[in-house]
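Colleague: Sequence:
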Amino acid sequence: MSKWQIADVNEIPPVKEDWPGTWKSVRHHFSIEGFGVNAVTKDAGNVLIPEHTEEKSGQQELYFVHAGEVKATLDGEEVTVPAGSFVHCEPEAKRKFESAASPTTLVVIGGTPGKPYKVGPWEL
Numbered sequence: 001m002s003k004w005q006i007a008d009v010n011e012i013p014p015v016k017e018d019w020p021g022t023w024k025s026v027r028h029h030f031s032i033e034g035f036g037v038n039a040v041t042k043d044a045g046n047v048l049i050p051e052h053t054e055e056k057s058g059q060q061e062l063y064f065v066h067a068g069e070v071k072a073t074l075d076g077e078e079v080t081v082p083a084g085s086f087v088h089c090e091p092e093a094k095r096k097f098e099s100a101a102s103p104t105t106l107v108v109i110g111g112t113p114g115k116p117y118k119v120g121p122w123e124l
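Sequence positions in the sequence shown follow our numbering and run 1 to 124.
Careful: at least some of the hints might be erroneous.
Straight line, CA to CA, 25 Å or less: simulated DMTMM-like cross-link-like pairs of lysine to aspartate or glutamate [unchecked claim]:
(1) Lys96 with Glu78
(2) Lys71 with Glu55
(3) Lys96 with Glu69
(4) Lys96 with Glu55
(5) Lys16 with Glu51
(6) Lys118 with Glu92
(7) Lys16 with Glu33
(8) Lys94 with Glu77
(9) Lys94 with Glu78
(10) Lys94 with Glu69
(11) Lys94 with Asp75
(12) Lys115 with Glu98
(13) Lys3 with Glu33
(14) Lys71 with Glu90
(15) Lys118 with Glu51
(16) Lys115 with Glu33
(17) Lys94 with Glu51
(18) Lys118 with Asp18
(19) Lys118 with Glu77
(20) Lys96 with Glu77
(21) Lys71 with Glu33
(22) Lys118 with Glu55
(23) Lys56 with Asp75
(24) Lys115 with Glu92
(25) Lys56 with Glu78
(26) Lys16 with Glu123
(27) Lys115 with Glu78
(28) Lys96 with Glu51
(29) Lys94 with Glu123
Because the hints were derived from the structure by calculation, they are not lab data.
Whole structure, please, built from the sequences with the hints as guidance.
Modeller: Shown next, in the form of C-alpha cells:
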C-alpha cells in the first residue's frame, strides 16, 4: 500500500452498501485505524447529524464544514456555521447539525482521549 492517498469526498463510497450514498466512510476508505472520520452531504433542511452526546463513549468530536452552511444546535443554542469553519464538541455537549444550504458537506472526526480507537458497531 502507498504511504499516502488522495480521494475526492464525492468519490468515497458510503459507510455500508445499504446506506445512503450521502454518508461517506472516509476512515474505512483510507484504512484509518487511529481515529474515526466520516463525511455526510445533504441538501438544505435535512439533518446531517441527529441530536446526541458522546457521554457513553467519551469521544471528542471535531466537525468541519467543507461546503455549504450548517445550522448547529449546541447545548440548545442555534448557531450558523459557514463553509471553512470548525466546531469542536466535548463528549457531554449535546449537538445536532442540519444542512442550511444545498448541498452541504460536513466532515466528522472523533476519538476518545487516552484510548485506542474502536470502530463503532454502526460501521461494522
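Colleague: Are the hints correct? Go through all of them and say.
Modeller: Hint check results:
| no. | hint | in the structure |
| --- | --- | --- |
| 1 | Lys96 with Glu78 | holds, 9 Å |
| 2 | Lys71 with Glu55 | holds, 22 Å |
| 3 | Lys96 with Glu69 | holds, 14 Å |
| 4 | Lys96 with Glu55 | holds, 15 Å |
| 5 | Lys16 with Glu51 | holds, 22 Å |
| 6 | Lys118 with Glu92 | holds, 19 Å |
| 7 | Lys16 with Glu33 | holds, 17 Å |
| 8 | Lys94 with Glu77 | holds, 10 Å |
| 9 | Lys94 with Glu78 | holds, 12 Å |
| 10 | Lys94 with Glu69 | holds, 19 Å |
| 11 | Lys94 with Asp75 | holds, 5 Å |
| 12 | Lys115 with Glu98 | violated, 30 Å |
| 13 | Lys3 with Glu33 | holds, 14 Å |
| 14 | Lys71 with Glu90 | holds, 18 Å |
| 15 | Lys118 with Glu51 | holds, 22 Å |
| 16 | Lys115 with Glu33 | holds, 12 Å |
| 17 | Lys94 with Glu51 | holds, 7 Å |
| 18 | Lys118 with Asp18 | holds, 22 Å |
| 19 | Lys118 with Glu77 | violated, 30 Å |
| 20 | Lys96 with Glu77 | holds, 10 Å |
| 21 | Lys71 with Glu33 | violated, 30 Å |
| 22 | Lys118 with Glu55 | holds, 16 Å |
| 23 | Lys56 with Asp75 | holds, 17 Å |
| 24 | Lys115 with Glu92 | holds, 17 Å |
| 25 | Lys56 with Glu78 | holds, 24 Å |
| 26 | Lys16 with Glu123 | holds, 7 Å |
| 27 | Lys115 with Glu78 | violated, 31 Å |
| 28 | Lys96 with Glu51 | holds, 4 Å |
| 29 | Lys94 with Glu123 | holds, 22 Å |
Hint check: violations occur at hints 12, 19, 21 and 27; the rest are consistent with the structure.
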